[in-house]
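K.L.:
Please model the entire structure based on the sequences and the hints provided.
Chain by chain, the residues:
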Amino acid sequence: MSSATLAPPPIAGKSRSMSPTWKRFRDAFRRHPTALIGGAILVAMVVIALAAPWVGTVDPLAVFPSKRLHPPSAESWLGTDMLGRDVYSRVVYGARVSLIVGLAVAALSTLLGLAIGLVTGYVRRLDAVVMRIMDGLMSIPSVLLAIALMALTKASIGNVIVAITLAEMPRVVRLVRSLVLSLREQPYVEAAIAAGTTLPRILVRHILPNIVAPLLVQGTYVCGSAMITEAILSFIGAGTPPNIPSWGNIMAEGRSLVQIAGYLIIFPGICLSLTVLAVNLLGDGMRDALDPRLARRM
Amino acid sequence: MIAYIVRRLFSTIVVMAVVAFVVFSLLYLTPGDPAAIIAGDIATDEDIRRIHARLGLDDPFLVQFGRWVWSLAHGDLGTSIFTNLPVTQLIGQRVEPTLSLTLCTLVVAILVAVPLGVVAAAKAGSWLDRGVMSFSVLGFSVPVFVFAYILILTFSVQLDWLPVQGYRSFRDGVWEWLRHLILPSVALGTVYVALITRMTRASMLDVLAQDYIRTAEAKGLAPKQVLIGHALKNAAIPVVTIIGVGVALLISGAIVTETVFALPGIGRLTVDAILRRDYPIIQGVILIFSAIYVLVNLAVDLSYVLFDPRIRLT
Amino acid sequence: MNPCSALLRSMTAVIGAAALVAALSAPVATAQGQKVLKFIPQADLRILDPITTTAYITRNHGYMIYDTLFATDAKFQVQPQMVDKYELSKDQLTYTFTLRDGLKFHDGAPVRSADCIASIERWAKRDALGQKMAESTEAWTAVNDKTFTLKLKKPFPLTLEALAKPSSNVPFIMPERIAKTDASTNITDPIGSGPFKFVKAEWVPGSKVVYVKNTDYVPRKEPPSWAAGGKVVKVDRVEWIYIPDSATAAAALNAGEVDWWEQMPPDLIPVLAKNKEVKVENIDPLGSMGVLRFNFMYPPFNNQKMRQAVLYALDQNDYVLGIAGSLKNGHACYSFFTCGTPLSSEVGAAPLKGKRDFDKAKELIKEAGYKGEKIVIIDATDQPIVHSQSLLTAETLRKLGLNVDLQAGDWGTLITRRSSKEPIEKGGWSIFHTWLVGPDVTSPALNFAVRGSGQKAWFGWPDDPKIEELRDAWFAATDPASSKKAAEAVQLRAFDFVPYVPTAQFILPTAYRTNLSGVIIAPITLMWNVEKK
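Residue numbers (our numbering), protein chains in the order written: chain A, 1 to 298; chain B, 299 to 612; chain C, 613 to 1145.
In short, the hints are calculated from the structure, not lab data. Misleading hints may appear alongside valid ones.
[What the hints assert, rightly or not] Calculated cross-link-like contacts (lysine-lysine; reagent style BS3-like; alpha-carbon spacing at most 30 Å):
#, chain 1, residue 1, chain 2, residue 2
1, C, Lys983, A, Lys154
2, A, Lys67, C, Lys972
3, C, Lys687, C, Lys758
4, A, Lys154, C, Lys1068
5, C, Lys766, C, Lys702
6, A, Lys67, C, Lys965
7, A, Lys154, C, Lys986
8, A, Lys67, C, Lys888
9, A, Lys154, C, Lys1038
10, C, Lys1097, C, Lys1078
11, C, Lys1011, C, Lys986
12, C, Lys1033, C, Lys737
13, C, Lys1145, C, Lys647
14, C, Lys702, C, Lys1096
15, C, Lys1144, C, Lys825
16, C, Lys917, C, Lys1096
17, C, Lys891, C, Lys650
18, C, Lys744, C, Lys697
19, A, Lys67, C, Lys891
20, B, Lys421, A, Lys23
21, C, Lys1011, A, Lys154
22, C, Lys1011, A, Lys67
23, C, Lys886, C, Lys846
24, C, Lys647, C, Lys886
25, C, Lys687, C, Lys744
26, A, Lys67, C, Lys974
27, C, Lys1033, A, Lys154
28, C, Lys967, A, Lys67
29, C, Lys650, C, Lys820
30, A, Lys67, C, Lys737
31, A, Lys67, C, Lys886
32, C, Lys1038, C, Lys917
33, C, Lys974, C, Lys986
34, C, Lys1078, C, Lys967
[Stated by the list, open to error] Partner residues are not named here, just some residues of chain B that face chain C (Cβ under 8 Å, in silico):
#, residue
35, Arg348
36, Thr381
37, Asn382
38, Pro461
39, Thr557
40, Val558
Just so it is clear, the structure is predicted and the values come from calculations on it, not from any experiment. We treat Cβ as the ideally placed atom computed from N, Cα and C, and that holds for glycine.
P.N.:
Take a look at the structure:
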C-alpha cells in the first residue's frame, strides 16, 4: 500500500540503465547461453595467461634431462617433455603466446582492413587496384602464404603476427568494402551528402557505427583462425621460436612421441581447441545478438 | 551479360598477374641461399659463387622476373634446384594423391554437411539445431593435425581397422585406394563439414523465410517437398559459392594432413620445398594453387550467368 | 537449369578430370612374387652426387649403386673390393692395381682403368683425406684397361685407407664420362657398377626411391664385413619410403607396411618393443658424436677462455639423455676421437669430464672480459638431435649469466647461415650444433672439425697453427704406438684451444621386422645380404 514499494517512475526521455543496442545485446546473450560460455572460457584463458607466473609451478624453460618423459603425476601435473620440462607450466605460459597472436592478429587485421576497406569503398580508382591485389592475396592459400612469409624472416612472435595478419586481412577488407558500398546507397547517407556534410563526418557518424558490429564479429573469427594458423605454422616448424612455449610448439615437439607420451599433444590440443571454440561461440553469439541478418553474410 | 563475362575474365588475368608478381618477389627476397645448400657441408666461397652464376641468381630482379614469366608462357615451370627434375614433372607425380584426398574430402563433407544443414534449418531453434551448430563450431576449433592423431591412435593403432599412412593408387585396387583415404578425408573434412553445414543452414533459413515458400506451403505441398523441391534448389547458390572459398581451405589443410598421413601429395612437396628453399618448386606450386582457386571462382561466377537471370541483365 | 544439377554436373566433371589425371600418371610396376624390401631412410634423398655432398643419405645411395676399389672391414682393416691384386714398389712410391674380372657398369660397359682414375681424381678434389693424398700424388696412369698405377712424390702410408674410406666422402667408381664432371657440379646420371640399379623413372623426390637388383654384378667370394667382402643381393627390389613423421613411421613398421627403419628415435623403442614381429637393434658399433661448434671470427667465442668456460659448464650426461633418451643408447665420450676406436683417449679431458664447475666457468668468463655480447645459437627444429642440443646449450649458457639468443630455423637454414662470415648484427652466428658419424671422427686425418686451418677450415674457422703442426706430426707417425701418442698430443691441444666441444656419443638403433635376416652390423647402412622371407 505504501508508495515505497513502487519503483520510481522512469525519467522521461532518458534510458535509466543502458542504450538500446546494449540492451538488445544483453537480451540476445541471455538467449544464447553458448555465447556466454564462450566468453567465460575466453576470459578464464586470458586471466590464466596474465597470471602465468603465479599459476605455473616451474620455470617453463628449465630443463631436467634426468626427469624426461615422466607421465602426469603429483609432482608434474601434466607430465614432463623430452627434456624434462614441466608440461603444465609450459601450457600455462603457452596461453600467452596463442592469445597474444590471436588477439593481435584480430586487432591488426581489423584495423588495417577497416582502413583499406573504407578507402576502397570510397575512392573508385583505388578500389579497382586494391581489390585486385586483395583478390590476388586471397587466392594464395593462407597457410602457404604465412609459411612463405615466415621463411623470409627469422622466427619471432612479431613476425608470426605480421605473417598471419597479411594472410587474414584481405577478407576483412572485402567485408568492410561491401558494407561501405551498400551503406553509401542508404537514403540517410545520400541525404547527408546532399546536406553538405563533410566526408569525415559522414564516415564517423553514419558509416562507422554500422560497420562496427559486423567487424567485431569478423574479428572474433579471425582471432580463432589465427590461433589455429599459429599452431599449424609451429607444427611445420615455421612458427614461434622453439624456446618460447606456445601450444603449437609443444605439440610440434611432442608429435613424434604421440604413442608413448600422448599427453604432450592432448593437453595443449585441448587448450587450443577450447580457446578457439570459445572465441567462435562468442563470435556466433555476438553475430546473432547484433544483427541476425549478418548470419547470411558470415 | 557479355560485359559481365568480359569483365570477369579481365580481372582474372589481372589477379593472376598480381599473384605471379607476389610469388616471385616473395622468393626473391628470401634470405636463405640455395647455392649454399647445394654446395654442401665442405663448400668454399668460390663453389658458392660458381653455383650462383650457373643458376643466374646474381642477375637483377626484373631480369630474373622477366626470364621466369617468359618460361611460364612456354609452360615451363622451371627445374628443381636440388633434384634437377622439371617442376612440372614433380608436380605431376604428386597431383594424384592430393586430388584424391580433395575429392574424397569434398564428397564426405557434402554428403554429411548438406543434410545436416537442411535438417538444422528445418528445425531451427530446437535442440537438434543447437546440437548441430555446436558440433559444427567444434569442427572449426580443433586443429586438423590434433584430430588426425586422435583418429590414427584410435582406428589404426588401437583397433587396427585402417592403415596408418601411405597412399595407394586406385589402379592398384579401388578398395585399397579408398581405405588409405578414409582417415585423412575424415580428418580434413571436419572443417569443411562445419563450414558447409553453417552455410547451408544459413542460406536455407534465408530462403525458408521467403514468400514463395509460404505460397508453396499454402498450396498444400508436403513439408518435405517444400524443403527439397523449392528451398534447397535456391539455397544451393551460396553453397556452390562456398566451394570456391573452400578450395583454399582444403589446400591449406591438405598440407598438414599429407604430412601426418605421409601422403606423397603437392602439400608436402610445397612444405619440403619451402623449408629447403627450392625456389622453382615453391613458385610453381603457389602459382598453380592460386590459378586453381581463381579459375574455380571464375567458373562459379560464370555459372551465375547460367542460373541467376538477374545477372544476365547487367 | 537448376543449381542442384549444376552442382552435380560440376562434381562429375571434377571426378572425370581426376580419373583422367590418374590414368595419365606414371604406371607402377609390381610383378608378382617379387621380393620387395621396403625401407624408411634417415632423410630424403635429394642430391644424387656422393662426391659433392657429405650428406649420409647420398652416401647410402652411393653404396647401393656404386662400388669401391677397396673397403674397410669390421676389424678396421683395408680389404680389396673391385681390385683383384695390388702391390707397392720397394721405394713405397708406386702402387699398381689390377681390377677383378667381370666388372661392368649398369649400361653394360666394362669398368676400365680410365673410369677408376677419373673417379678417384674427382673425389680427391673434394675429400679432405683425398686432398692430402693429392698433395703427395705425382700421377695416376692407366697401363691397360685392367691395370693402373699411382705414382707418389713422397710415401703416403694412408693411401689404401683413403681408397677404403667408409664414410663421406667415399671414393665411389663412376664411368669416366660422368666422373669428368666438374667437382662442384652435381652429377645427375646414376650409372654405377654396384650391386643395385637405380630406377630413375620411379623416383618421387620427397617420397620414394626405387632400386632393383643388378643381376650382372659379380660379388666377391668372402663373407660380408662392413663394406668389404661379397655383396650378394638377396632381394629383387628395394624401395626407400621417406616418412618424415616418426610416429607415423613407427606405426607403419608395426603394421608391416614397411620392413626396416634405418634410424629410429630411441624414445620410440617402447612402441615397437611390444610387437613380437619387430626387432630393435644397435647395429652401429661406433655411433655418432654430438658437436657444439663455435664461431671463431667474432666475440665472445673468439676468446679462448670463453670456450674453455663452456667445457667446465657443459654436462655431457644431460646431452646423452636429451639426444638418446637413456643411457642404453648413448654415453658420455670425453674425447675428440670416437670412443671405442684405437686413437681415442681421455687425455686432457679433465675440464669436460670432472664434476661440473660453474664457479670456475664464471671465473674464466670474467677473465675473458665478457661484456654482455649477444650469443646467437642457430637451431634446426626439424632435426631432433640438433634441436635438443641447442635447447640444452641455451639453458647452460643462461645459467652462466650469458646473453643468449636462440634462433630457430630448419636444417636448410642452418646450413646456409653457418657459412656466413658476417658479424652477429648482419645475420652471423656464434654457435651451432650438429653430429658426425663415428667413422668420420676416428683420427686426425678424418676429423675435419678438429683442424685449425683458419679461413680454409670447416664452418667456424678456427685458426691454430699449433694444432695443424701436431696434425702433420700425426701423419708422419709410422707405427701404432707413435700414432697413438701423436693423436693424444692433438687432443691435448684440442682441449686447450677448444675447436669444438664434443657433447655426447649416441647410437640410433635400427628396427626391422623379424622376417628379415642378414642385416649387416656396420656403422653404415648396407642393403646387400639382407633376406626377406
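K.L.:
Among the hints numbered above, which are violated by the structure, and what are their numbers in rising order?
P.N.:
Number 30 only.
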